[in-house]
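Novice: With the first letter of the sequence shown counted as 1, position 93 gets the number 93 in my numbering; the numbers rise by one all the way through.
A couple of the hints might just be wrong.
To be verified - Okay, derived cross-link-like pairs now, BS3-like style, lysine-lysine, Cα gap no bigger than 25 angstroms in a straight line:
1. Lys82 <-> Lys125
2. Lys131 <-> Lys35
3. Lys82 <-> Lys35
No lab work stands behind these hints, which were simulated from the structure alone.
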Amino acid sequence: MASTAGIAVKKQFGQHFLREQWVVNEITHAVTLTKESSVFEIGCGDGFLTEAILAEPLARLWIFEIDPEWAQYVSEQYGSDKRLVMHEANILDVDFTVFQEHAPWTLLANLPYQITFPILHMLQKNRSLLKEGV
């Protein structure tokens with residue numbers, strides 16, 4: 001199955017994309033963001049949530065996207081925003097010491113179902129670097 005961007009949705013990455021604006025609104029309004037906020041997103045897909053995050057006040061948005069095609073697509077769509085840094089990586093392979101400099105962090109994500117438990121476990125282990133998340 002191909003998306004509207006012409007990029008195939010890949011089952012092996014557990015890709016499922018948000019399409020409900022009200023859900024995105026709930027996610028972004030459930031946290032307190034300021035111009036000093038550090039935010040990271042896991043699995044940006046086609047950038048539906050990314051666009052809403054970038055509309056909020058924040059200092060930086062780091063995205064961790066395992067799929068190189070979607071990472072490139074979102075970088076092309078939103079890369080002119082200097083607050084965005086794309087990491088083409090599996091979040092489960094990331095050394096969380098990279099988050100120390102800009103802590104505390106807020107996580108905003110539509111998590112891949114297949115790896116939700118490992119992600120939650122990883123976040124719990126690194127909770128000292130986190131402020132909040134949805």
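Novice: For each hint, tell me whether it holds in the structure or not.
Specialist: Hint by hint, here is what the structure shows:
no.	hint	result
1	Lys82 <-> Lys125	violated, 30 angstroms
2	Lys131 <-> Lys35	holds, 15 angstroms
3	Lys82 <-> Lys35	holds, 13 angstroms
The structure does not agree with numbered hint 1 stated previously, though it agrees with all others.
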